[in-house]
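Between the sequences and the hints, there should be enough to build the whole structure, so can you do that?
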Amino acid sequence: MSIPLLDIKALTVEFGTRRGVVDAVRQVSVTVAKGETVGIVGESGSGKSVTSYAVMRILDRAGRIAGGSIVFGGINVGKADERTMRDLRGREMSMIFQNPRAALNPIRSVGRQIEDVLIEHSLATRADAREKAIDVLKAVRINDPESRYHAYPFELSGGMCQRVVIAIALACRPQLLIADEPTTGLDVTTQKAVMDLIRELTAERNMSTLLITHDLGLAAAYCDRIVVMEKGRVVEEADTATLFADPQHPYTRRLLQATPRLDSKVADLLPEEDSRRRTPSARPPGEALLRIQDLVKVFPGKDKGDEYRAVDGLSFEVRCGESLGLVGESGCGKSTTSSMIMRLLDPTSGSIQFNGEDIGAVPGKRFAGHPARAGLQMVFQDPTDSLNPRWSARRSISDPLMRLGNVRGSALRAKVEALAEMVGLPEHLLDRFPHQLSGGQKARVGIARAIALEPKLLILDEPTAALDVSVQAVVLNLLVELRERLGMSYLFISHDLNVVRLLCERVLVMKAGRIVEQGPAEQLLDSPEHPYTRELLAAIPHPPAGMVPSPIRGEPQAMVR
Amino acid sequence: MVRVPKRLRLVGYRLLQAIPVLIGIVVVSFLLTRALPGDPAVYFAGPAASEESIEQIRVSMGLDRSLPVQFFAYVGDLLRGELGQSISTGQPVLTELTTRLPASLELTGFALLFSIAVAMPLGILAATRPNSWIDHLCRFVVTAGVSLPTFFTGLALVYLFYFLLGWSPAPMGRLDILYLSPPHVTGFYVIDALIDGDFETARAALAQLILPAVTLGLFTLAPIARMTRAAMLQVLEGDFIRTARAAGLSGHKVLYTYALRNAILPVITTLGMVFSFALGANVLVEKVFAWPGIGSYAVEALVVSDYAAVQGFVLSMALLFVILNLLIDVTYTLVDPRLGMED
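Here the protein sequences line up with chains B and R, keeping their order.
The first sequence: position 373 = 373 (the numbering used here), numbered continuously.
The second sequence: position 1 = 1 (the numbering used here), numbered continuously.
Source of the hints: derived by calculation from the structure; they are not laboratory data.
Bear in mind the structure is a predicted one, so any value in this text is a computation, not a measurement.
Worth double-checking, as some hints may not be accurate.
[Stated by the list, open to error] A few chain R residues that face chain B, going by a derived Cβ cut-off under 8 Å, partial list only:
{"hint": "1", "residue": "R14"}
{"hint": "2", "residue": "D239"}
{"hint": "3", "residue": "L260"}
{"hint": "4", "residue": "T331"}
{"hint": "5", "residue": "P337"}
[To be verified] The following label-pair restraints were derived from C-beta to C-beta distances:
{"hint": "6", "chain 1": "R", "residue 1": "D196", "chain 2": "B", "residue 2": "D60", "range": "42 to 50 Å"}
{"hint": "7", "chain 1": "B", "residue 1": "Y308", "chain 2": "R", "residue 2": "S250", "range": "38 to 46 Å"}
{"hint": "8", "chain 1": "R", "residue 1": "F140", "chain 2": "B", "residue 2": "D135", "range": "22 to 30 Å"}
{"hint": "9", "chain 1": "R", "residue 1": "L233", "chain 2": "B", "residue 2": "P300", "range": "37 to 45 Å"}
The beta-carbon is built from N, C-alpha and C at its ideal position, and this holds for glycine as well.
Below you can see the structure in the form of structure tokens.
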């Protein structure tokens, strides 16, 4: 084998914290050959991002390379001076990040930001920078690059922003691209477009790519080789095909198991011996609990006649005990719909009937005190941002009980503890604040708060989108269990058909404020009728079938990709 | 292109918004001055005046008429550009304001330039090197700046630089009596003297200006340095700074073109607040340095219920605030493209 382009040997990275020095990365070795795409897969806290920052030498002030070596194209990155590093960054190796909108300077036009890089690395002069920047925008397939050159990040969609970030990273034709969760937070179809673009451009230029992701499915679809990291260490490394066919390390197996596949059931996501496994039992659908009819929401535009119909004549029902999935990409109107059901937004027209009562007629401002309010609760997407940072978990869970349930004193205490037990939150964590809890624990607090008043309908707005797959597996099983115990109905809102399918019997697919397809979840996934549903399904990256613990273990490699 | 008229429209819209504010100020300043304790007629008549002569003066000043009548007379005068006569100095209020306002503006402006020149680099350095000696220095200067009262710093500076070292001229107003004031163009002595080509006078005016300006500047330095440090710290944490570093941009470019331009927005707001606050509230500095500014004028007028002068002061300050806020808004739209999009 020839000399690899990037050779990380026994890398250790330390962080100085208030409680002393912490090793974020321990003895990690990874190589990337010329033209190769390597994935580093791991959950939060695995040290995968820190490894990549160490390669670029853009660690935070507190971080320090404490041991090992990083050699890139013959240069020892760990020992190189800052000047050499500045020449390497952007010119020879570059990086793209999660959350593309925040990764761009908000008050500088995207064209200028690309020019900055070109000029910095002497690939353009003031005279021809603009022309070259437009060429770079063309290379990342941005339509109408001449006018996009003047755009600011806030004027572009998330996917478009990521293209600009890629344009900045690839402007100087580097040899190595490090992509740190490049598509987290993007819609599945946008994710596919962005990843395909990266693959195409890197293949065209014979570049090497280091893809850092928590999503095994994504890594499977785009990487030649995968390195699995856990708690700062590499636990397994193999060709993509080998890894999926025959994972060695228990952690890899757990991770593989927790990643939803096309055919997995919600219980499959947890190991067989796990007592938290649940299987949703089919129950006869009851009466209509929530009935939406001809719901319309129009947002006024800047000029007259320039209005925006976010929700355009939506009608559906959620029956008692049923779980209904509402699937669509960002901007399809699914969040506007949930806001209207929660009566945070007033609909332009149409009716919302909940439990036989027309709650759509109650002004949104007064709905907080309405008797029906307790029957409707919501679990939000971001477990951190949806909790008051100055409230302990106990206080957060108590809040609805005190406000709407009028529970006080020792009864309140007992109720909160019972709820915590129900969602699997250890009692000693109740007095902690959100920043002292993990993502999964915060999600549990959010769920406990939502079920505190024993609502009839729970609106779940991408409740697991911000969680690691193994935590997602536990939370999804918990939701199945709670539904059965409390007899709730769910309205599950997500952009990920695959996750929705695990929990819901029936699915609606929404596009541009309208329902384009609806039906039983299995049927919709097996034989989608509408081209948009097919597009959504095709965009989801899956780990190849044929892995532990399914019976087809050890099948030929043809199963892969 | 499209962006320019949009921003122009925004500016025009902001100008229109100022109109109701001004009307409100005219009404409120009129009512507030009437609510002041004390009778201007009594003051004007002098200590030995009889009841009748006071009454006579009251009639001649129009104070015997009802409030609405007085108000409309006042508004009528305003529309004709008349602010009335000051009863304590006997001068037209407009003349007084046009000589005193530039004095205050010159002092405050110079003080602010001084404090920006010190506070912003200090704040930036402190933000880029948290917990270094420069950060501690920043903290010390900020604390000292706000905790030392201006009259104390003023007197201390006068004692040191005039009395002990003799470097600075006597703290007696805007220009040493040896010099003639330069021909009036802007009302700022330093600038007017420079326009006139009289460098000697300009130097003398500047010499008079330095100590009071530094005194005021030391006080205004604190909020600016604090805000710069905080805003820079926050922006430097941002994802786009990491992107810029990962793209290999030089430290200079990252710090100034990327970080500072984003951090400057809250600093501009603070500057506007500090400026308007310092302009009206630097009475102590004006008193210590016998500076013929607008602050001391207003306080003297207030003490003797000099209605016309107080109203003139309030009105001119309000106008200034409106203009200043407009300037801040316009700067904002120039710096931040996101603002031009809202209507």
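Results for each hint:
{"no.": "1", "hint": "R14", "result": "18 Å, violated"}
{"no.": "2", "hint": "D239", "result": "4 Å, holds"}
{"no.": "3", "hint": "L260", "result": "11 Å, violated"}
{"no.": "4", "hint": "T331", "result": "13 Å, violated"}
{"no.": "5", "hint": "P337", "result": "5 Å, holds"}
{"no.": "6", "hint": "R:D196 x B:D60: 42 to 50 Å", "result": "57 Å, violated"}
{"no.": "7", "hint": "B:Y308 x R:S250: 38 to 46 Å", "result": "43 Å, holds"}
{"no.": "8", "hint": "R:F140 x B:D135: 22 to 30 Å", "result": "52 Å, violated"}
{"no.": "9", "hint": "R:L233 x B:P300: 37 to 45 Å", "result": "39 Å, holds"}
In this structure, the hints that do not hold are numbers 1, 3, 4, 6, 8, in rising order.
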